[in-house]
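Q: One-letter residues, chain by chain:
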Amino acid sequence: MKQKTVTIEIDEQGNSSIDLAGFQGKGCGDVANAFQSTDVVTKSRTKREFYVETAGQQSQQQRTQ
Amino acid sequence: MSKFQEMRTVLSHEGYLIEALKGIGYTPEVCAEGSALFGYMGDERPERAHVIVRRRQLDSASNDIGFRRDEGGVYRAIISEYDRGIGFDDAWLGRIAQAYKERQTMAVAKAKGYVFQGRQVVETPQGKKVQLRFAVR
Chain A
1 MKQKTVTIEI
11 DEQGNSSIDL
21 AGFQGKGCGD
31 VANAFQSTDV
41 VTKSRTKREF
51 YVETAGQQSQ
61 QQRTQ
Chain Z
1 MSKFQEMRTV
11 LSHEGYLIEA
21 LKGIGYTPEV
31 CAEGSALFGY
41 MGDERPERAH
51 VIVRRRQLDS
61 ASNDIGFRRD
71 EGGVYRAIIS
81 EYDRGIGFDD
91 AWLGRIAQAY
101 KERQTMAVAK
111 AKGYVFQGRQ
121 VVETPQGKKV
131 QLRFAVR
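Keeping their order, the protein sequence lines are chains A and Z. For the first sequence, our numbering assigns the number 1 to the initial residue and increments by one for each residue that follows. For the second sequence, our numbering assigns the number 1 to the initial residue and increments by one for each residue that follows.
Treat the hints with caution; some may be incorrect.
Computed list of lysine-lysine pairs in DSS-like fashion (alpha-carbon distance at most 30 Å, straight line) [what the hints assert, rightly or not]:
1. 22(Z) - 3(Z)
2. 26(A) - 110(Z)
3. 110(Z) - 2(A)
4. 112(Z) - 26(A)
5. 128(Z) - 22(Z)
6. 26(A) - 2(A)
7. 4(A) - 129(Z)
8. 4(A) - 110(Z)
9. 112(Z) - 129(Z)
10. 112(Z) - 22(Z)
11. 129(Z) - 26(A)
12. 4(A) - 112(Z)
13. 129(Z) - 110(Z)
14. 4(A) - 26(A)
15. 2(A) - 129(Z)
16. 112(Z) - 2(A)
17. 112(Z) - 128(Z)
18. 4(A) - 128(Z)
19. 22(Z) - 129(Z)
20. 110(Z) - 22(Z)
21. 128(Z) - 110(Z)
I should point out that these hints are in silico values taken from the structure, not numbers from a laboratory.
Looking at chain Z on its own, in the form it has when it is part of the complex:
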């Protein structure tokens, strides 16, 4: 049985988190009261989360991945050791943070009345960067 580990994130907005997960191909389950995570054998684990990517969407031997909202309103990622080892690691969380920030930026710009002009993905030695351009009246 692979042990779950909690990792801090900077994500705090449920809507942006859900949209970010959807944007990279997952269908997250949302449970305001928190729901149990399941291991790869279908065994219910004591860990609970508010936003969950069920294991069937991950690798064949994966466990569920959860995001638990802590007392401060910030999400903590709950990922098993196994899943961290096969790529659901800090870099994966970073890509979720990137998608989250993109949605947050679009929402803030829209609220300010800025006009969206385009999105560009730029390859850099540090990885892909997303550029969002807006016109200000």
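Chain A extracted, bound-state conformation:
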């Protein structure tokens, strides 16, 4: 299983961004929220795998309805 890592990058103005690797679906948003809700992160980037998983979940939900 791929290790889940969070990288926070802080520039010389104190602006910060978050980069998440190894996450799939909702877990990604939870970790991002943990940093955003405490004002640690001002920008976040979501990777393609987040969208793939989310889209997969949505289509699965549609199929079960």
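With chain A's structure known, arrange chain Z on it following the hints.
A: Okay, now just chain Z, sitting in the frame of chain A:
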């Protein structure tokens, strides 16, 4: 006599601010009720601050630099025109904000149980960026 100017910051946590100042080499003075700032001649000024870097830690002709907590709980930097002109300017405040954010990030990650994996400083055309990496279980 160099006039003091107040500048808004986004810093609001006293502990992180103190740690950030220490991290870049200062020994700040903390006064919960606020303490007077002094000019380069040792003259007491009307401006008061809660976290102060005394002038002896700065340049030989510097005035004190203060951080005053405003009504909203956010610190305002009080820096003289002279000191702004010799490098204690927005860029300097930015570096304090960077050090502050680093401490804040470490505290939040620790509280969430994330495992610190390393710190890296990356040179970019926009300046140095600090990267903090954590593992999530």
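Q: None of the hints should be skipped; say for each whether it holds.
A: Right, here's what the structure says about each hint:
Straight-line distance between C-alpha atoms of residue 22(Z) and residue 3(Z) comes to about 26 Å, which keeps the hinted pair within the 30 Å bound. For the hint linking residue 26(A) to residue 110(Z), the alpha-carbon distance of about 21 Å falls within 30 Å, and the restraint holds. Note on residue 110(Z) and residue 2(A): the hinted pairing holds, with a Cα-Cα distance of about 22 Å set against a maximum of 30 Å. About 17 Å separates the Cα atoms of residue 112(Z) and residue 26(A), which keeps this hinted pair within 30 Å; it holds.
Distance hint between residue 128(Z) and residue 22(Z) is fulfilled; the C-alpha atoms sit about 19 Å from each other, no more than 30 Å. With a C-alpha separation of about 16 Å, the suggested pair residue 26(A) and residue 2(A) falls inside the 30 Å cut-off, and the hint holds. With a C-alpha separation of about 22 Å, the suggested pair residue 4(A) and residue 129(Z) falls inside the 30 Å cut-off, and the hint holds. Of the supplied pair hints, the one linking residue 4(A) and residue 110(Z) holds, its CA atoms being roughly 16 Å apart against a limit of 30 Å.
With a C-alpha separation of about 23 Å, the suggested pairing of residue 112(Z) with residue 129(Z) holds against the 30 Å cut-off. The hinted pair formed by residue 112(Z) and residue 22(Z) meets the criterion: a straight-line CA distance of about 25 Å does not exceed 30 Å. Between residue 129(Z) and residue 26(A), the direct Cα distance comes to roughly 28 Å. Compliance with the 30 Å bound is thereby established for this hinted pair. Distance restraint check for residue 4(A) and residue 112(Z): the Cα-Cα separation of roughly 14 Å lies within the 30 Å cut-off, and the hinted pair is therefore satisfied.
Between residue 129(Z) and residue 110(Z), the direct Cα distance comes to roughly 21 Å. Compliance with the 30 Å bound is thereby established for this hinted pair. With a C-alpha separation of about 13 Å, the suggested pairing of residue 4(A) with residue 26(A) holds against the 30 Å cut-off. Distance restraint check for residue 2(A) and residue 129(Z): the Cα-Cα separation of roughly 26 Å lies within the 30 Å cut-off, and the hinted pair is therefore satisfied. A distance of roughly 20 Å separates the Cα atoms of residue 112(Z) and residue 2(A); the hinted pair therefore holds under the 30 Å criterion.
For the given pair, residue 112(Z) sits about 27 Å from residue 128(Z) by alpha-carbon distance, which is consistent with the 30 Å threshold. Between residue 4(A) and residue 128(Z), the direct Cα distance comes to roughly 25 Å. Compliance with the 30 Å bound is thereby established for this hinted pair. Simply put, residue 22(Z) and residue 129(Z) have alpha-carbon atoms about 19 Å apart, close enough for the 30 Å limit, and the pair holds. With a C-alpha separation of about 21 Å, the suggested pairing of residue 110(Z) with residue 22(Z) holds against the 30 Å cut-off.
For the suggested pair residue 128(Z) and residue 110(Z), the alpha carbons sit about 24 Å apart, so the restraint of at most 30 Å is met.
Checked against the numbered hints listed earlier, the structure breaks none of them; every hint is satisfied.
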